[in-house]
Amino acid sequence: MDEKLLDEALSWQQALAGDDADWNGFTRWLEADPRHRQAFDELALTERIVDERRDGLRRLLAATAAPERRRWFARRPLLGAGLAAGLALAVGIPALWPGPADIVYATTSGQTHKIALAGGTSIDLAPSSRLVVKGSDPTALELTRGEAFFSVVHDPRRMLSIRAGNFAVSDIGTKFAVNLTEESLSIGVSEGHVAVAGDDGQSARLAAGEQLIAQNAYLVRKSTIATNDVGSWRLGRLVYNDAPLGVVVADISRYSGKRIIVEPQLKNKRFSGVLAIGDGSKLLANLADLMALSYRLEGDRIRVSAAGAR
Amino acid sequence: MEPDDVQGLEALYDAHRAELLRFLIARTGDPAEAEDILQDVWIKIRSPMGRPIANGRAYLHRIAHNLVIDRLRQRQRQMRRERLWTDQRTGHAEPGTEPADTSGNAEDAMVEREEIARLASALATLPPGARRAFELHKLEGLSHAEVAGRMGISKSGVEKHMAVAMKYLRRALLD
Numbered sequence: 001m002d003e004k005l006l007d008e009a010l011s012w013q014q015a016l017a018g019d020d021a022d023w024n025g026f027t028r029w030l031e032a033d034p035r036h037r038q039a040f041d042e043l044a045l046t047e048r049i050v051d052e053r054r055d056g057l058r059r060l061l062a063a064t065a066a067p068e069r070r071r072w073f074a075r076r077p078l079l080g081a082g083l084a085a086g087l088a089l090a091v092g093i094p095a096l097w098p099g100p101a102d103i104v105y106a107t108t109s110g111q112t113h114k115i116a117l118a119g120g121t122s123i124d125l126a127p128s129s130r131l132v133v134k135g136s137d138p139t140a141l142e143l144t145r146g147e148a149f150f151s152v153v154h155d156p157r158r159m160l161s162i163r164a165g166n167f168a169v170s171d172i173g174t175k176f177a178v179n180l181t182e183e184s185l186s187i188g189v190s191e192g193h194v195a196v197a198g199d200d201g202q203s204a205r206l207a208a209g210e211q212l213i214a215q216n217a218y219l220v221r222k223s224t225i226a227t228n229d230v231g232s233w234r235l236g237r238l239v240y241n242d243a244p245l246g247v248v249v250a251d252i253s254r255y256s257g258k259r260i261i262v263e264p265q266l267k268n269k270r271f272s273g274v275l276a277i278g279d280g281s282k283l284l285a286n287l288a289d290l291m292a293l294s295y296r297l298e299g300d301r302i303r304v305s306a307a308g309a310r
Numbered sequence: 001m002e003p004d005d006v007q008g009l010e011a012l013y014d015a016h017r018a019e020l021l022r023f024l025i026a027r028t029g030d031p032a033e034a035e036d037i038l039q040d041v042w043i044k045i046r047s048p049m050g051r052p053i054a055n056g057r058a059y060l061h062r063i064a065h066n067l068v069i070d071r072l073r074q075r076q077r078q079m080r081r082e083r084l085w086t087d088q089r090t091g092h093a094e095p096g097t098e099p100a101d102t103s104g105n106a107e108d109a110m111v112e113r114e115e116i117a118r119l120a121s122a123l124a125t126l127p128p129g130a131r132r133a134f135e136l137h138k139l140e141g142l143s144h145a146e147v148a149g150r151m152g153i154s155k156s157g158v159e160k161h162m163a164v165a166m167k168y169l170r171r172a173l174l175d
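First to last, the sequence lines map onto chains G and D. Following the numbering used here, the numbering of the first sequence begins with 1 at its first residue and continues without gaps. Following the numbering used here, the numbering of the second sequence begins with 1 at its first residue and continues without gaps.
Any given hint could turn out to be false.
[Stated by the list, open to error] The calculated lysine-lysine pairs, modelled on PhoX-like cross-linking and capped at a C-alpha distance of 25 Å, are:
(1) K222(G) - K155(D)
(2) K258(G) - K269(G)
(3) K267(G) - K222(G)
(4) K258(G) - K114(G)
(5) K160(D) - K222(G)
(6) K175(G) - K134(G)
(7) K4(G) - K44(D)
(8) K282(G) - K258(G)
(9) K269(G) - K44(D)
(10) K114(G) - K134(G)
(11) K155(D) - K4(G)
(12) K269(G) - K282(G)
Keep in mind the hints are simulated off the structure, nothing from the lab. In this text, all values refer to a predicted model and were calculated from it rather than measured experimentally.
Next comes chain D alone, as it looks inside the complex (with noise of 0.2 Å):
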């Protein structure tokens, strides 16, 4: 059992500083970028908790590897409003994507829409097992545990389901 309150995580922070910095510049690839995220694990843990901590040093690496994806996203999400933007103005719009204002909000929306038109058709594609270990598990919200009771298979089973769609999911939204 860790400590807590926040004088206790700032010591666990001291003691897992160099643990956590190597993980990030693994995780970047980027010393400086690792250096920015690793300042905003500290600030993350200065803000106060609503609840115990069970395992400290997990849960910093855990607020990290999230902040990764954060910005991940944040990157992605920039260029594919950069790239309707210029669809745009060139006239190359998508067709079904409407083109009208350009304020930051009608981007977002399109960029919405074209993830979630993505997402649907790639999953009109997937084998049935697969689709049904996706549908429950990301859009009902039940545990691998269960989706496994539930489809009547096993939990690898169901893992090997979810391996399928997430690669699936992954050339339909990134390629």
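Pulled out of the complex, with its shape left as it was, chain G reads as follows (with noise of 0.2 Å):
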């Protein structure tokens, strides 16, 4: 097939998908050669069975991409365990693992922490978050699962840099949020800027008022937060600015200490909006009722679906 007739058969079918498609237009256009028709056939017979094998293909993509997503992001988080461990309070302990001079904060979903850090540094660690100093190094950083916010002041000898899955972001003096679940990494920024790294080379640059949301390999998304709602989780309220449904379950379920399983269909459903979090306990109910949601307890799991399905 001619590759100058196919282009000319997208650009039809791309201009039929309009309100005001030129349906004379495309007669003649038709009627002026048979390959025409041929081409336009070929397309259309594509695009009916992209449609039609939508769910299917994105199954399929879902389950092979499955591993390396895994890798991307937080590991699996320890609720249940971790939790059940219950500690009393939000303590540094010295981690067993990637190295004897790590020190590790971590908190239950009712706790947060306030951790200062030699150079001026302070973060506040979030409800059922976990944050990792390297080789008790105060610039170098892991978010190992949840959110905290940073606080650095600005020092332009001294480079911080926190990594959060497969991702690192660096950082000289400003304000910003980092917030990693099993699926996706948030970073918004308040003040100044970051940098931010992805280990496959991807890279971008963050100002104040700007947040980004890498949800895999292949959903990159920057858009705008209002730089007071950065970490607004401090002042007891989670603000969202189209967020995927999957990250605001992932951060109720911090808050409320039950683990809560998204329907995958409905993951990459945007909520903007706000939620008060309160003990926690009432965040999936309030999100159920903005975004049409229902949910059951499954076991020690409370599965989400679209409201009015079984």
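Using the hints, build the complex out of the two chains.
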């Protein structure tokens, strides 16, 4: 099939998708040459097959991408085990593995923790979160779970680096938040700039009022966020702008201490809005109201589905 | 604003019948099939509509247009099924397909598996921009404008990526 004919057919296909399609022009184009019809048939059929197979294709791609995605983002959290162990207070405990000198800060679902590091970096660690200071070096941090708000004093001689999943965030003096779930990484900046680099070579620079949400290798998206909404959990509320439902639910899971499973087809639904944290127990009910979702208890987990779904 | 009740649509159909027939003949290349589809358009507009129609003429064309693609798909699917069936009978099944029962359901499932596998492997060979545009638009369901916003490119850039993707997939599915 001639490339030029295919290109013509493709522009007609795109033009016909609009409300103001030129049906007469299309008819005349078809009449001009019988090969036009054949080219158009093939592309229309291709599009139809894609549309029919969309769900199956998504499932297949998700299944084959899963092992890689797990590496991209957080390690499987120890919700349950970690919480059952029930740290009475958030404390710095020396980890047994990545290196003897690492310092680990961890919180449970009802706790937050303020960390002051040498050099003037202060960190607010959100509930159910975990931050590692690598080799006790106050400029080499790793967020392995949950969310933290970083406030870094400007010092051009020293670069702070925070690893989160397969990304590194670096900064010489700003205020920003990093949130890591099993499937996503979000970064929001409230002051100054940060640089974000993925292990695969992707990189981005974020300014105050910008956020970046990475959901998998292909869905890294930059959008805006009000600067005072960055780290808003510290003021008792969760504020979202166009955030994937998967990210919102992971947050609720942290605050409520419950394991919550979202139907895969809902994970990419977008949510914009404000949720009051309270004691964490009403978050899911409030979200369900706002997003027309339903949920039910399944053993020790809660399953979220579209309202009206069985 | 055109009328949205059935009677209004019938009047509309009468007014545009000749034009629709010409479109359908050009679209199918077969006057007899064009007449058949025109009949189907008639049947379709007589079933009650859920919402008012802003542009009746465009509405009729779109119904006709979709019916042509429905038939095309039916025919192509039938051919695929028959080919799979023959492959099984003659022992030329492609590797990975499981020759089992040949009832309609099993054949449909095989056509589905085969199409998904072809799409997935074609996707893997796409240039990264085209692949990402395709995933956002077709798999995530974003509009061209939303894809443009997310990828930080123009709408016509998205259209170019989609054109590349559709050409790759056409080859994978139909060649």
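A quick look at each hint next to the structure:
The straight-line distance between the Cα atoms of K222(G) and K155(D) is roughly 17 Å, inside the 25 Å bound, and the hint therefore holds. With a C-alpha separation of about 21 Å, the suggested pair K258(G) and K269(G) falls inside the 25 Å cut-off, and the hint holds. Of the pairs offered as hints, the one joining K267(G) and K222(G) holds, with about 18 Å between alpha carbons and a cut-off of 25 Å not exceeded. Of the pairs offered as hints, the one joining K258(G) and K114(G) holds, with about 24 Å between alpha carbons and a cut-off of 25 Å not exceeded.
A hinted pair counts as satisfied when its Cα atoms are at most 25 Å apart, and K160(D) with K222(G) qualifies at roughly 22 Å. Our distance criterion of 25 Å between C-alpha atoms is met by K175(G) and K134(G), whose separation comes to about 21 Å. With a CA separation close to 35 Å, the supplied pair K4(G) and K44(D) exceeds the 25 Å bound. Taking the CA atoms of K282(G) and K258(G), the gap is about 12 Å. The hint holds against a cut of 25 Å.
Restraint check: the Cα-Cα separation between K269(G) and K44(D) comes to about 33 Å, which exceeds 25 Å; the hinted pair is violated. Pair hint K114(G) plus K134(G) holds up; C-alpha atoms about 18 Å apart against a cutoff of 25 Å. Between K155(D) and K4(G) the CA atoms are separated by roughly 21 Å; this keeps the pair inside 25 Å, and the hint holds. Taken as a hint, the K269(G) and K282(G) pair is honoured in the structure, with Cα atoms around 21 Å apart against an allowance of 25 Å.
Comparing the model with each numbered hint stated earlier shows that hints 7, 9 do not hold.
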